[in-house]
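> Residue strings, one per chain:
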Amino acid sequence: MSTHEVPDSLKYTRDHEWANIEGDTMTFGISDFAQSSLGDVVFLELPEVGTTLKQGDACGVIESIKSVSDLCTPMSGVVEEINQEAVDNPALCNTSPYLTWLVKVKISAMHEADQLLDAAQYTEHCAQEHHE
Amino acid sequence: MDLRQTSLYAEHVKLNAKMAPFADFAMPIQYTTVKDEVAAVRQKVGIFDVSHMGEFFIEGPEANDFVDYLMTNDFKNSEPHKAVYSPLCNDEGHILDDLIAYKINDQTVLICVNAANVQKDWAWVSSHVGKFKCVAKNLSDDFSLLAVQGPQTVAVLKKIGLDFDDRNFPYYSVKSCLFGSSEVIMARTGYTGEDGFEIFCSHQLAPVLWNKLLQEKVTPCGLAARDILRLEVGYPLYGHELNEQLTPADCGVGWAVKKDKASFIGRDALRTNTPVYQAVKLSLGQGIPRAGYPITNAAGEVIGEVSSGTISPTLNQGIALGRVKRAVMPADKVMFIQIRGKNIPATFHQKPFITGGHK
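Read top to bottom, the protein sequences are chains A and B. Following our numbering, the numbering of the first sequence begins with 1 at its first residue and continues without gaps. Following our numbering, the numbering of the second sequence begins with 1001 at its first residue and continues without gaps.
Okay, chain B solo, but in the shape it has when bound:
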């Protein structure tokens, strides 16, 4: 099958990016080195093409009610222009995907979903929308999405002429803004832990914004850097930390389930659910943890597994997200990661490996 191309494909080729298939798209994995791209986002500012992600628009008088019913987190009571993170669960309380819902106005919600799950999520959303006075549109093919991330984001976006008031634009909020005469949707969200914006725009505008930002020395960053940046701040990724066999509390996102909400999909199951796993963050003094490596206790017994692992270029050590069976979680949190038969002592982290600078 031919891979799909984003509106920025030609720009990636021009930059000689290493490309690879991701969710049916040919996506840039890295441009220079992953280390430099990660450092750019932590210290300055980087730009990602994440146009492969899905965009659904929910419109109508009951748009907020419908989105609140779809998601486990509280959307209905969130203020106008807020963004809300949530798992999307089925009736059994198992995770179909995770998403961010943006309250564009009273009657319009934008839902951004993972690229690999667009078809599945769209089938799910469109099969439930009939119960509410609103319509759902899958506009995934109509939008490009740029993520501009890092401490210098605000300055550089203003410099290229995006019209927005950053002092009146809190973390996890959304607004329609102008670039010249073109409207874009700007959200102060991201997947790196740093301050930054995600910009939903037309396919025509995306290369214009991209090249203006490159002229301002913003570093183009690929999906490899993006994966490390999210791991360093402990954010889960669907297909690794989250999947359809697990409930939110198994994955460390139980905080995004508001069990007292009157009505939402998965409510009955999640109110009585006892989680099997606990999500853990582990780092290593030596070696690099990888997805699938066993997590063991002091007696060498397997008690869980790594769901994502890498070397953190920022910390220069191996870091991992994983899950451990709650029934056998060591009380003292002494755990090991098994690498090629050797059990390497791991340090348990209550907090993310790195504290990003987001507002």
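Same shape as in the complex, but just chain A:
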């Protein structure tokens, strides 16, 4: 886990999702650190459009060849869209994790953004986790 990208423009969760907030919508996916730890991502199960999610809810599943992980939403809201291209080609999570959004959510509680990590905090979080 030597080097991994953490773009400054995004927010992050401690569970290694990234969130891109634009107005009242958020797209989220998994971080470079996450995809590198998981290895080859081979299967995605994403929530149905219209599902109401609470911050931190497990709303999907990411399977790599060796493991199964929950996908948790960084903020509360209603699922507006899922990325079918990623479902059809889950390896996009490995090759371009930050261009591969998985779920688009209409945000219902904007203040929750304050609880997310910025790039510096997330980088620190990954370094700690790596040394545990």
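In case anyone wonders, no lab produced these hints; they're calculated from the structure. Take the hints with a grain of salt, since some may be wrong.
Said to hold, decoys possible - The calculated lysine-lysine pairs, modelled on DSBU-like cross-linking and capped at a C-alpha distance of 30 Å, are: (1) Lys1082(B) - Lys1342(B); (2) Lys66(A) - Lys1035(B); (3) Lys66(A) - Lys1258(B); (4) Lys1342(B) - Lys104(A); (5) Lys54(A) - Lys1342(B).
Add chain B to chain A, keeping to what the hints say.
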């Protein structure tokens, strides 16, 4: 506890392998992608560091008799230079481990056991050896083990200068061979279903062979690829398909129990044993089966469980080994694997998912 390192540890680090603990060793899980490593072994040739595995040598006039007594399969009547796969059972007929025994010569047998079971197996072997005219040595710390697997194995091993006659070297046989002036033990065995050799050698020689093979564009492969390769050809793994609660017939390895042998550990129990489980091979059209997932029947009742599961990169579908209670095995073999509450229809396979190209 500090993890142990094989003689190839520095090579793995150099290749930037993802390392993880396995049976007290820091072992390479993957170097590039699992998919590429699996494809290399199926189509070309790959190399694995499996030096964590255990090596016991049995030497003396009754070495063959002792090994035959330890194992459920027939060793005594096998020809010189043959390798024999067998479960290692206790008196109750339950599986302590599975192993390959190599008939090096009339008075010398090499037994290769699983890394996680070396201590347990050694205690078992050394506690029984006294009844026979032979000695047992645990040389696990003295040997490195390379597995070179795939259709191009013979060509590449010859190219780096290993001296052996492949036309006189059948599948599941063993010989001492020379690399320069160094002796190595070569066996035409493996855990991938492909043609290949396992090479037992000194710690000094292992990095030399490893790097010569890398120069010939042999793909380094990690334990993740190894696990998928063995699953695709339906080979059992101790701790998943095999364990101390089960007998060989519960796990699909009943063929390796020769009940008519005069004397072997577990004989009485295995002659009267009625197996509880049947081993099954199942594939899925959607989803990825994982160890522990329930196997259900058409009525949705749980009848067994998955013991190993993954996505096969070769077939691009979920494949599983599992066990189902014989008493409730559906006659039509219609089964499902439960994934996160949903019962996904499974296809029952009589044969391995993939036929490897081994000789």
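> Taking only the CA atoms, is the gap from Lys66(A) to Lys1035(B) under or equal to 30 Å?
12 Å, holds
> Can the restraint linking Lys54(A) and Lys1342(B) be considered satisfied, given a maximum Cα separation of 30 Å?
23 Å, holds
> For a C-alpha distance cap of 30 Å, please report whether Lys1342(B) and Lys104(A) respect it.
25 Å, holds
> Please verify whether Lys66(A) and Lys1258(B) have alpha carbons no more than 30 Å apart.
Judged against 30 Å, a Cα distance of about 36 Å means the pair is violated.
> Taking 30 Å as the top limit, are the C-alpha atoms of Lys1082(B) and Lys1342(B) close enough?
Violated, because 47 Å separates the two Cα atoms, which is more than 30 Å.
When each numbered hint is compared with the structure, violations occur for hints 1, 3.
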